[in-house]
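Letter by letter, the chains look like this.
There are 2 protein chains.
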Amino acid sequence: MRNKNSAPTMKDVALEAGVALGTVSKVINGLPVGEPYRIRVEEAIKKLNYHVNSYAQGLKASKTYTVALLIPNTYHPYFAMLSYQINIALLKRKYRMLLCSTEYNPRLEQEYITMAQQNKVDGIIGLTYNPDLIVDDNVPFVSIDRSMGPKIPCIASDNFAGGQMAAEKLADLGCKNVAFLRIGSSLNNEPNKRKAGFENGCLSRKLPYSLKILDDGEPLDEFECFLREHMHNGKLDFDGIFCVTDRTVYDVRKILNKMGINVPEDVQMIGFDGIQTFGVGDYVCSTIVQPVREIAEMCVELLLQENMTTKPPLVCLPVSYMYGGTTKEFDK
Amino acid sequence: MRNKNSAPTMKDVALEAGVALGTVSKVINGLPVGEPYRIRVEEAIKKLNYHVNSYAQGLKASKTYTVALLIPNTYHPYFAMLSYQINIALLKRKYRMLLCSTEYNPRLEQEYITMAQQNKVDGIIGLTYNPDLIVDDNVPFVSIDRSMGPKIPCIASDNFAGGQMAAEKLADLGCKNVAFLRIGSSLNNEPNKRKAGFENGCLSRKLPYSLKILDDGEPLDEFECFLREHMHNGKLDFDGIFCVTDRTVYDVRKILNKMGINVPEDVQMIGFDGIQTFGVGDYVCSTIVQPVREIAEMCVELLLQENMTTKPPLVCLPVSYMYGGTTKEFDK
Chain A
1400 MRNKNSAPTM KDVALEAGVA LGTVSKVING LPVGEPYRIR VEEAIKKLNY HVNSYAQGLK
1460 ASKTYTVALL IPNTYHPYFA MLSYQINIAL LKRKYRMLLC STEYNPRLEQ EYITMAQQNK
1520 VDGIIGLTYN PDLIVDDNVP FVSIDRSMGP KIPCIASDNF AGGQMAAEKL ADLGCKNVAF
1580 LRIGSSLNNE PNKRKAGFEN GCLSRKLPYS LKILDDGEPL DEFECFLREH MHNGKLDFDG
1640 IFCVTDRTVY DVRKILNKMG INVPEDVQMI GFDGIQTFGV GDYVCSTIVQ PVREIAEMCV
1700 ELLLQENMTT KPPLVCLPVS YMYGGTTKEF DK
Chain B
1400 MRNKNSAPTM KDVALEAGVA LGTVSKVING LPVGEPYRIR VEEAIKKLNY HVNSYAQGLK
1460 ASKTYTVALL IPNTYHPYFA MLSYQINIAL LKRKYRMLLC STEYNPRLEQ EYITMAQQNK
1520 VDGIIGLTYN PDLIVDDNVP FVSIDRSMGP KIPCIASDNF AGGQMAAEKL ADLGCKNVAF
1580 LRIGSSLNNE PNKRKAGFEN GCLSRKLPYS LKILDDGEPL DEFECFLREH MHNGKLDFDG
1640 IFCVTDRTVY DVRKILNKMG INVPEDVQMI GFDGIQTFGV GDYVCSTIVQ PVREIAEMCV
1700 ELLLQENMTT KPPLVCLPVS YMYGGTTKEF DK
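Protein sequences appear in the order of chains A and B.
In terms of this note's numbering, the first sequence opens at residue 1400 and continues consecutively.
In terms of this note's numbering, the second sequence opens at residue 1400 and continues consecutively.
Hint data in this document are derived by calculation from the structure and do not stem from the laboratory.
A quick note: this is a predicted structure, and the numbers were derived from the prediction, not measured.
Hints are supplied without guarantee of correctness; some may be wrong.
Since copy identity is lost for identical chains, a pair holds within one copy or between any two.
What the hints assert, rightly or not - Straight-line Cα separation of at most 27 angstroms, DSS-like style, residue types lysine-lysine; simulated pairs:
1) Lys1410 to Lys1594
2) Lys1657 to Lys1727
3) Lys1575 to Lys1710
4) Lys1410 to Lys1575
5) Lys1727 to Lys1653
6) Lys1445 to Lys1493
7) Lys1727 to Lys1634
8) Lys1493 to Lys1519
9) Lys1462 to Lys1445
10) Lys1657 to Lys1445
11) Lys1710 to Lys1445
Please work from the sequences and hints to get the whole structure.
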């Protein structure tokens, strides 16, 4: 008889359903089993209020050697490179990777978390902007760029240091009046520290600065208005601009060109990410480079690490500056 | 007793090993099972010369709802977009996708094919340049860009039509003497038809043309030598260049700039692929666009199609031309 005080086990389900233990396992794992057996097992699971979780906990040793990656898409070059590096880091360790392009769909994200709870994958690496996503403490999960609780490691670039580096670089390059332009989520995430780091760098170098921050979805015209407000006698007030991403440099540079302002002659620009043309060519702009390979390795290391009682809640990895044509320190 | 004339079944293995059928299934599927049972099952499999394949064939209905994608990497923007679109096409149908960045590693490719043979994935979509890759006829496989035998569908852009379209476009744009530049595998694959299509287009428009083809790994300097050989009185002989990929346009344009030749003023250029900046922005050059979403949908459709006795061996999907700044038909 089952001890009424402890959580029901798979064995209890088998006894209740009058089937073999293997049949219960098959139902739980979605393997083929006769329809009458499936129904009996499912009814027993309901009746005993059996949680697949207890199965998962009891069988942690039975690995699937599969890890799921949740990422908004793989066509943005940063996500593309990150997916590649995580894939390579996993393959090196003989792990397979399920790719889930979430397109910010919370249902899909939650589905993969359920798979991890049911032990169908060994863990999840997730880059998600979903503030409502609930990840159980006992689901092996590593988050990129957004902290999801003290027990879930979050891996990111050192975004604060990167923002500061951008400010200091613009100061070194002779800028006297700079701006920070951001589009993006007001969520509490690591990339948001770029702004604070930038302000800190400007203050320490006594470099005057302005900020313009758009919410997701706000039109880029807002940047144009902001820039036009800072035009005097046909010249832009700023001689340096730090953008929150390389993509923003690309968009703002087009606006500036339209306004007759040349980059880098009239205004120098630094982005963030380190996007290279075709993934391997020139940097698309001067930029603070995220250490993608190191981020990928750290995610995989921490996810698969089993002999660690306390995993680090936040890991910030060092960034670097690379020239990419939108600053004046080099001759092309 | 087992009929000695037919291939052994999983039941035969269970009888031989003295275990339940479910135990054999678990061993074959890599699920946890007591060590003594595993050994008995494995010995029975050996003794009977049981092929997992017969299991796979007998249980085609037991789906894993998982498909593997073999692709060299995901950081090249074309591969990145293709991975994304295939991922989305599978997720729409409630299928999971294992991503395998092969980096042209034949061992990895063959491993995933073995997984498919053992019914651990429902099928494979592969973009591989490995001429030695062996894919069994009974492994559900769809190939992108390279024919792998009459029973394996190959999905590609209509590369011949694309090459022809490029020639005709250059003629329409007023070019009088054009060149085709290719870097790339001499393998027998679909993209190689771009050259034949281009020649056909030039001939039909009576447009004189030259060809320069580099092998994989040959230095780009070879293009520079070729172009310098075609300089007379400080002017390039060609007023139009078709490159085998957008990436080649990017590389050759840098060479031309170094030589003091301006694109599109002195020479117009058309590439192939349809790469957009950051995956969603402007086309990086004027280009023949591959229909990535349609290619992805067709791959998934044909792979998962079960009620089809004869699958089409080669599907060519229509391409289109898009302006991207390296030709003269539009004002920017």
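The hints, checked one at a time:
Neither within a single protomer nor between protomers do lysine 1410 and lysine 1594 lie at most 27 angstroms apart by alpha-carbon distance, with minima of 55 angstroms and 65 angstroms respectively. When the C-alpha separation of lysine 1657 and lysine 1727 is checked against a cutoff of 27 angstroms, the pair qualifies both within a copy, at 21 angstroms, and between copies, at 20 angstroms. Neither within a single protomer nor between protomers do lysine 1575 and lysine 1710 lie at most 27 angstroms apart by alpha-carbon distance, with minima of 43 angstroms and 66 angstroms respectively. Taking the shortest Cα distances, lysine 1410 and lysine 1575 never come within 27 angstroms of each other, neither inside one copy (72 angstroms) nor across copies (80 angstroms).
In the homo-oligomer, the alpha carbons of lysine 1727 and lysine 1653 lie at most 27 angstroms apart both inside one protomer (18 angstroms) and across protomers (20 angstroms), since each shortest distance falls under that limit. Proximity of lysine 1445 and lysine 1493 under a CA criterion of 27 angstroms is satisfied inter-copy only: 25 angstroms between copies versus 36 angstroms inside one chain copy. Taking the closest pair of Cα atoms, lysine 1727 and lysine 1634 come within 27 angstroms of each other only inside a single copy of the chain (18 angstroms); across copies the shortest separation is 31 angstroms, beyond that limit. Taking CA atoms no more than 27 angstroms apart as the test, lysine 1493 paired with lysine 1519 passes in both settings, with 17 angstroms inside one copy and 16 angstroms between copies.
Taking identical chains as interchangeable, the C-alpha atoms of lysine 1462 and lysine 1445 lie at most 27 angstroms apart whether they share a chain (26 angstroms) or sit on different chains (25 angstroms). Taking identical chains as interchangeable, the C-alpha atoms of lysine 1657 and lysine 1445 are never at most 27 angstroms apart, the minima being 65 angstroms within one chain and 73 angstroms between chains. Neither within a single protomer nor between protomers do lysine 1710 and lysine 1445 lie at most 27 angstroms apart by alpha-carbon distance, with minima of 35 angstroms and 44 angstroms respectively.
Checked against the numbered hints above, the structure breaks hints 1, 3, 4, 10 and 11 and satisfies the rest.
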